[in-house]
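Enquirer: Based on the hints, put chain B in the right spot on chain A.
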Amino acid sequence: MQSETKSHVDQLTSPAGHPVTVLRFEGDIASTSKDAVLGTYQALPKQTAKLILLDFTKVDYINSSGIALVIQLLIEAANSAQKVYAFGLSAHFTKVFTMVGITKYAGLFAGQAEALAAL
Amino acid sequence: MSEMKTTTVEVRLPSRMGFEKVAMSTAASVAKLMGFREDRVEDLKTAVAEACINAIEHGNRLNEKLSVGVVLSAGADSLEVKVIDDGKGMSKHQAKPDIDRKMHGEEDPRGMGMFLIQALVDEAEWVAGSNGKSSYVRLMIRLDKDAE
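For the record, the sequence lines run as chains A and B. The numbering of the first sequence is my numbering, which starts it at 1 and goes up by one. The numbering of the second sequence is my numbering, which starts it at 1 and goes up by one.
Excised from the complex, chain A in its bound form:
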């Protein structure tokens, strides 16, 4: 019943010349999304992927279990000296992420261009 979460990784370079790893998600982010969220993140090379951008543009539904997966990703990233940012959240989920405090550990941007310009 929950739509499968798809994910893929893009490597980009910010206008300032920094390599940026973009994790793009599609579908629901829920309890069934562990492989798509944490698995995809954990497969990144920790020595070189230091700036990570989460793309939620094609995500319609995030529940509390999905938010917990994002927090687990942030914990692992903090322990690996990686910085995480996100873009593409709807106004509602931007509010929810702010309410639970995620914005303290992951900067949110409206779109990819704004995020890359800040990195």
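Everything hinted at is true.
Subject to a maximum C-alpha distance of 20 Å in a straight line, what follows is the list of computed EDC-like cross-link-like pairs (lysine to aspartate or glutamate): (1) K95/A x D39/B; (2) K96/B x D122/B; (3) K32/B x D60/A; (4) K95/A x D100/B; (5) K104/A x D100/B; (6) K95/A x E123/B; (7) K58/A x E42/B; (8) K95/A x E38/B; (9) K104/A x E76/A; (10) K95/A x E42/B; (11) K83/A x D100/B; (12) K104/A x E107/B; (13) K104/A x E106/B; (14) K34/A x D108/B; (15) K104/A x D98/B; (16) K104/A x D108/B; (17) K34/A x E57/B; (18) K5/B x D144/B.
To be clear, the hints were calculated from the coordinates, so they are not data collected in a lab. Small disclaimer: the values here were computed from a predicted structure and weren't measured.
Expert: Showing chain B alone in chain A's frame:
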């Protein structure tokens, strides 16, 4: 939906993760018919989804022989949603999540459902069934005409 008194819509869900989206969509449809703003509809969708997830996972313990009842009562200026399960009810309210404690491994990353429900609707109460079953959470969201 003009001159609405109280109109009731009921949905029964199997205790299977993912079916909370059926209740979420139904609640959104009723709220839109009542004239709620889009941002309030989104608040309601998340609150109803989290209430159903709690009912499926904690109330009915994912037992697919049990169903979750969702009763939406649309009044003139508010929408009440009851989500009913066969559990004993929530024994205590969750504290507000502390992201710093979560990030430092001092608090479970999960466990935000009740907080989200309370934060997103105007009223939320958890009622334990008198016989140790048929517990429910009651949510209320008001049509704020001044802000519409």
